[in-house]
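J.: Below are the chains, spelled out letter by letter.
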Amino acid sequence: MNEKTPFFDELQNPDGTARAPYAGFDDWFQGQDTKHLLKKSQEAETFFRRTGITFNVYGQAEADERLIPFDIVPRVISAAEWGRLKRGIEQRVRAINAFLYDIYHRQEIIRAGRIPKELIAQNDAFLPQMIGVTPPGGVYTHIVGVDLVRTGPDEFFVLEDNARTPSGVSYMLENRETMLQMFPELFSRIKVQEVSDYPMRLRRSLAASAPAMTTGKPVVGILTPGIHNSAYFEHSFLADNMGVELVEGHDCRLVDGRIAMRTTRGYKAIDVLYRRVDDEYLDPLTFNPNSVLGIPGIMDVYRSGGITIANAPGTGIADDKAIYSYMPDIVEFYTGEKAILQNVPTWRCSEPDSLAYVLDHLSELVVKEVHGSGGYGMLVGPAASKKELAAFRKKLTARPGNYIAQPTLALSTVPILTKAGLAPRHVDLRPFVLVSPDKIDITPGGLTRVALKKGSLVVNSSQGGGTKDTWVLGE
Amino acid sequence: MLGKTAGGLFWMFRYLERSENTARLIEAGFRIALTRPDSSADEWASVLDTAGVRGLFDMADRTYDGASVIDFLLRDPANPSSILTSINAARSNARMVRTALTREVWEAVNESWMTLTDTLRRPVREADLPGVLSLIRRQSALVRGSMHGSMLRNDIYDFARLGTFIERADNTARILDVKYYVLLPSFTQIGSSLDNVQWETILRSVAGERAFRWLNGPDINPKGIAEFLILDGRMPRSLKFCMSKISDNLSYLEQDYGVELESLKVAKSQRANIGAGGIDAIFDDGLHEFLTQFLVDMAQLGTLIEQDFRFYG
Chain A
1009 MNEKTPFFDE LQNPDGTARA PYAGFDDWFQ GQDTKHLLKK SQEAETFFRR TGITFNVYGQ
1069 AEADERLIPF DIVPRVISAA EWGRLKRGIE QRVRAINAFL YDIYHRQEII RAGRIPKELI
1129 AQNDAFLPQM IGVTPPGGVY THIVGVDLVR TGPDEFFVLE DNARTPSGVS YMLENRETML
1189 QMFPELFSRI KVQEVSDYPM RLRRSLAASA PAMTTGKPVV GILTPGIHNS AYFEHSFLAD
1249 NMGVELVEGH DCRLVDGRIA MRTTRGYKAI DVLYRRVDDE YLDPLTFNPN SVLGIPGIMD
1309 VYRSGGITIA NAPGTGIADD KAIYSYMPDI VEFYTGEKAI LQNVPTWRCS EPDSLAYVLD
1369 HLSELVVKEV HGSGGYGMLV GPAASKKELA AFRKKLTARP GNYIAQPTLA LSTVPILTKA
1429 GLAPRHVDLR PFVLVSPDKI DITPGGLTRV ALKKGSLVVN SSQGGGTKDT WVLGE
Chain B
13 MLGKTAGGLF WMFRYLERSE NTARLIEAGF RIALTRPDSS ADEWASVLDT AGVRGLFDMA
73 DRTYDGASVI DFLLRDPANP SSILTSINAA RSNARMVRTA LTREVWEAVN ESWMTLTDTL
133 RRPVREADLP GVLSLIRRQS ALVRGSMHGS MLRNDIYDFA RLGTFIERAD NTARILDVKY
193 YVLLPSFTQI GSSLDNVQWE TILRSVAGER AFRWLNGPDI NPKGIAEFLI LDGRMPRSLK
253 FCMSKISDNL SYLEQDYGVE LESLKVAKSQ RANIGAGGID AIFDDGLHEF LTQFLVDMAQ
313 LGTLIEQDFR FYG
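So the sequences go chain by chain: A and B.
Note that our numbering has the first sequence beginning at 1009, numbered continuously upward.
Note that our numbering has the second sequence beginning at 13, numbered continuously upward.
Since the hints were derived computationally from the structure, they do not count as laboratory data.
Watch out, some of these pointers could steer you wrong.
Said to hold, decoys possible - Which bits of chain B does chain A cover? Going by a derived footprint, with three or more residues having C-beta under 8 Å, they are:
| no. | region |
| --- | --- |
| 1 | 15-23 |
| 2 | 106-112 |
| 3 | 118-132 |
Unchecked claim - So the derived label-pair ranges between C-beta atoms look like this:
| no. | chain 1 | residue 1 | chain 2 | residue 2 | range |
| --- | --- | --- | --- | --- | --- |
| 4 | B | Arg150 | A | Ala1392 | 47 to 55 Å |
| 5 | A | Gln1137 | B | Asp73 | 54 to 62 Å |
| 6 | A | Pro1390 | B | Ser104 | 41 to 49 Å |
| 7 | B | Glu272 | A | Gln1471 | 51 to 59 Å |
| 8 | A | Ala1392 | B | Met163 | 51 to 59 Å |
| 9 | B | Gly143 | A | Glu1051 | 21 to 29 Å |
| 10 | B | Ala311 | A | Val1263 | 29 to 37 Å |
| 11 | A | Glu1288 | B | Glu272 | 37 to 45 Å |
| 12 | B | Asp268 | A | Glu1051 | 39 to 47 Å |
| 13 | A | Pro1390 | B | Asp73 | 57 to 65 Å |
| 14 | B | Ser162 | A | Leu1046 | 31 to 39 Å |
| 15 | A | Glu1288 | B | Ala53 | 56 to 64 Å |
Unchecked claim - On the chain B side, residues computed to face chain A include the following (Cβ under 8 Å):
| no. | residue |
| --- | --- |
| 16 | Asp167 |
| 17 | Tyr269 |
| 18 | Phe321 |
| 19 | Arg322 |
Note that beta-carbon positions come from the ideal geometry of N, C-alpha and C, so glycine has one too.
Construct the entire structure; sequences and hints are all you get.
T.: If you want it as structure tokens, here you go:
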């Protein structure tokens, strides 16, 4: 049913039969008519547009609200596969929080010589303002999105730890809603674990992280940069589904030593603020003084234990691409165990030997900016033209410290529906992890991003990627 | 609820109401242009006056013909009250207050916005105008209907209604004020065709021609029209009706919040004063003066609501 592919295909065995987790889907799919399914997927697009699930693309005035294409073939993960991933993710997220506490306090890991001091001291993602500050409940990263890729039946790699303000969870939820509406029969045949309670889990997790001084039910709010932000839909979607207020900086101010929001009945103190505003803009009195998106004075309140900020300022040091290559050491240092999830081998271009290797093998490697995101400013060696390679070589030689390089992974594929039937495309996976002082809670599922262009390895929505519903099968 | 959210709801519904009212104004102007081509330039000028954008129109250096005026009112981005601008503003506010809206209401607004921005992408041909205007009214009804059927009757609903009725009262008062002279008893050419046109325009602009006939039969007279649009509590676009609704919604808010509201005090006294002496008293004291004062009162009430509920600070 599916085109042949040299990569590990998650749906289909090399002999053309469906892999076990996809057996139920395959059964159903055999009885479907492609034309009818294509029509259904058009309906899905109309549905998304009407709901307003769009994202804004910076610098594209004429199409300022765009849809992320949705593909109706689900990405399926078995209960056993998920169990392993879950243990690995939990271990990693625990280590990240321990690392953050350490790096802003005694820096034992540097004293122990496990990571170089310059890596922290000269890193923009390290916030000196956080030195010695312990967040309420000791949690730094309340919400983490761990990007995973797969290359074989048991081969999962962590590509990136998103420990600042990971986005995309609204797509996880809306993709499932859409599938439930379009193909209810699939869900009565196949036992798929639920994701729809994520907003309530998030609210519970945030409330459990409230400062000690909170009396009564913790007041939770979401801080958004406003309706022009590319992820505004998600901010309002979450606020709506959590039943909490969606505030902007100008709705809040310092009142009696607390951060309070202006309501129709006066100012009301906020206990936990899930902020979707970057560190730099969070508090003009502490960080960028020109920021109008933040709340003046919030850092003082934070330091005195008057509010929980989720995620804590300064968590970016944990998902920095230069730190990434040390993650296996970090996991081992804080948990005393070997990392369950593998890292992608990484060359740090700041090191002369590595740089020499990378320059020699540029056409085989993926080179990323240390602080970049969204797939911008990266080079995919095998897909680049001679001219692009030469241009990148120049940038790399000029500022080697700004780059890391990784081998081009043979990313697994999951088919998408095209006019010609199913066609394999590369995917990644971002599960969402909630951390509170008492537990780590991982929603069974996540956001599967898919590179819609044949052969492409770039799954970012800003670069022509789409999404799929992600199923974790019941036990 | 956040003060900003209350303000966003208020303005979202003001803009929705405005787009519907503007569509009616265009409809009335268009009808006159078709049936009485001689008086159409004057009529378009007064439509622009009523919409409060004549100055802007003059600056844009356009001529007072139907096509220019209609285009200006429908889709000119330079016109802050054009239907396109209003629907954009309504949707922007809806996005801001999305957490306060049910999914049905949000989808209705979003769909209206998609449909209307698409329809108004290009100038509307004369042949398509009736269809487009009815589409605009239908979209507005869709939002109102989904709100009515799906929203809790709490403070969110109250702010939405306050925006609707303040805008509507303002609109009806303007329509009357622009044409107040044709309603005066001193206006001598009673019975001439000109008057009938003017009266008919007034009624059409508020979609009241049929209701008026039902209530008054064939006996159309200026005093009757003024009374109908100012004092008739059954007419959903009359000043009295709007004032009652404003007072009602403010008193729900007062009960709900358990505080005394300055805006309610003022609204109640305005409601009690309006036409206390009947339509004759209004004419005796001057219709124009009455309407001018009414518009000032509405603006003041808007400001008080804004302050009472901390829309901006």
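J.: Hint by hint, say whether it matches the structure.
T.: Okay, the hints, checked on the actual structure:
| no. | hint | result |
| --- | --- | --- |
| 1 | 15-23 | holds (count 4) |
| 2 | 106-112 | holds (count 4) |
| 3 | 118-132 | holds (count 5) |
| 4 | B:Arg150 to A:Ala1392: 47 to 55 Å | 53 Å, holds |
| 5 | A:Gln1137 to B:Asp73: 54 to 62 Å | 56 Å, holds |
| 6 | A:Pro1390 to B:Ser104: 41 to 49 Å | 44 Å, holds |
| 7 | B:Glu272 to A:Gln1471: 51 to 59 Å | 57 Å, holds |
| 8 | A:Ala1392 to B:Met163: 51 to 59 Å | 54 Å, holds |
| 9 | B:Gly143 to A:Glu1051: 21 to 29 Å | 26 Å, holds |
| 10 | B:Ala311 to A:Val1263: 29 to 37 Å | 31 Å, holds |
| 11 | A:Glu1288 to B:Glu272: 37 to 45 Å | 44 Å, holds |
| 12 | B:Asp268 to A:Glu1051: 39 to 47 Å | 41 Å, holds |
| 13 | A:Pro1390 to B:Asp73: 57 to 65 Å | 59 Å, holds |
| 14 | B:Ser162 to A:Leu1046: 31 to 39 Å | 32 Å, holds |
| 15 | A:Glu1288 to B:Ala53: 56 to 64 Å | 58 Å, holds |
| 16 | Asp167 | 7 Å, holds |
| 17 | Tyr269 | 6 Å, holds |
| 18 | Phe321 | 4 Å, holds |
| 19 | Arg322 | 5 Å, holds |
In terms of the numbered hints stated before, the structure departs from none.
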